[in-house]
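Peer 1: Sequence:
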Amino acid sequence: MTNYSFKYFHSLLCIVLFAVVSCDNYDDYEVSKREPAPSTDNALASARLVPPGCTNRAIKFDGVDDYIDLGDILNTTTFPVTVAAWVNVDSTVTGSQPIVSSQDNTTTYKGFWFATTNTNVYAEYGDGAGGNDPSYRRGRSANVGNITNSWKFVTAVLKGINDIEIYVNGVNVGGTIEGSSNSTMSSNDPATAKIGKRSINGFIYHFKGLMDDVSIWGKALTTTEINQYMNQTLSGSETGLLAYWNFDEASGTTVLDSSPNHYNGTIFGNAERIASSAPNRCINGAIQFDGVNDYVDLGDILNTTTFPITVSAWVNIDPTIPATGPIFVSQENTTVYKGFWFAVTSTNVFAEYGDGRGGNNSAYRRGRSASVTGLTNNWKYVTAVLKGISDVDLYVDGVNVGGTLQGSSSYTMSTSDPSTAKIGKKLTNGINYFFKGTIDDVSVWTKALTVTEINQYKNQLLVGNETGLTGYWNFDEASGTTVVDQSSNHFNGTIMGSALRVTSTAPNH
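Just so we're aligned, residue 1 is where the sequence shown starts under my numbering, counting upward by one.
It should be emphasised that the hints constitute simulated quantities derived from the structure, not laboratory data. By construction, the Cβ of each residue, glycine as well, lies at the ideal position given by its N, Cα and C atoms. Errors might be hidden in some of the hints.
Stated by the list, open to error - Beta-carbon label-pair distances, calculated as ranges:
{"id": "1", "residue 1": "Lys-387", "residue 2": "Phe-79", "range": "30 to 38 Å"}
{"id": "2", "residue 1": "Thr-503", "residue 2": "Asn-293", "range": "18 to 26 Å"}
{"id": "3", "residue 1": "Thr-446", "residue 2": "Met-496", "range": "21 to 29 Å"}
Work out the full structure, taking the sequences as your base and the hints as a guide.
Peer 2: What follows is the structure, encoded as structure tokens:
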């Protein structure tokens, strides 16, 4: 069949079956008659295994009415742009399967869109000059053979006019240029961005299959970066990252953007949250502190905190820990006792708060200390619940360990101080204390967790949107000195000293 006769037949077909293939997208499908690109499945050979218990979810789209609305978030986007996602396309699809559309439901081609068919991966942009004609759009489409029924890491890098690259599993798959616009991308439209849906010129397309880890970048990722991010879960703080949705929420219709932009989305239709089998899943990190000068600075984040407070963490205490090993301190480097602190020794767990009236005297602080055997050289889940004046509970591995009250203050906690919060360090009355050992999954709550909740969270990784959660640092960043707060507050911290990122063996991973 000649290209001319194929196009004529295609036009007739789309009139009858317009829900399957759009007439104006002929260029996207004509490429399917060409030779497919080489297989890229080998690129996944080095993908990491999923740590047991790792939060690991994806979204299942039915291809009928499921999608995620991201709001009007990309109407000033310019080149370069990179879009990446893990997709598992349903084997029954034939037409366009939209992954991301930056300007959905417009009457002209605007913004960019990234999609697949059962054999093709393609990305295009619109110049804003018109619609329903290839002269107003430009892009690239690559035939990669049957891509259904298996996970593929697909990436589109839109660098500029006529400069677009398509990658599958980290391999540049070439392809051919589609459309004929010679103008740049236009994004000045209030239309909303979508995952899993695209509406244009009266046609509506819905993705059918599974999707995970969608990311958008305001930069052109290199081949090296694409392969790096293919094999890890993003932290949210990567340079150039505009948005990242990992779909790891336990339930609900909100999908959280883990980037600092907070472009949260809303699920529509009957899209399901399911267990993901995408190969790139969770990093499993912890921080190893040397007891000399290592700590994490969280900034001035808790100077208005009041009772109740809960602090939890997994700790593996070095048996040579020198005296006090601070886990979390809300008001570090003050000349008076303020805020709260949670710490261990080789044999004790304790938590205290300061009333702000003075320092270097037990009359200005109050707390509880409990002697616990077997604290060192193994993982312990430690929790302090500060409910009010003289009302402090301590838990080890979900069990209330009792203890005795310390200090003699009868005043409430004072936090009106601009000093910074720390993980692994406490400076008070001129003396520095550093934690020695390994810490993982530190969480701070503005509520008194119950015994049931403590045991629940001991045995799972937090999502980040739990009620009352103020900060959550899981230390799962691949590298660098930034530790990302997975809560909605984004109280990111900075590693100081020579603290090491290590693989965590805490039981909840």
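Peer 1: Quick check: does the Cβ-Cβ distance between Lys-387 and Phe-79 fall within 30 to 38 Å?
Peer 2: violated (54 Å)
Peer 1: Does the hinted range 21 to 29 Å hold for Thr-446 and Met-496 at CB?
Peer 2: Hint holds: Cβ distance 26 Å, inside 21 to 29 Å.
Peer 1: If I claimed the Cβ atoms of Thr-503 and Asn-293 lie 18 to 26 Å apart, would that claim hold in this structure?
Peer 2: Holds - the Cβ-Cβ distance for Thr-503 and Asn-293, about 23 Å, lies within 18 to 26 Å.
Of the numbered hints stated above, the single one contradicted by the structure is hint 1.
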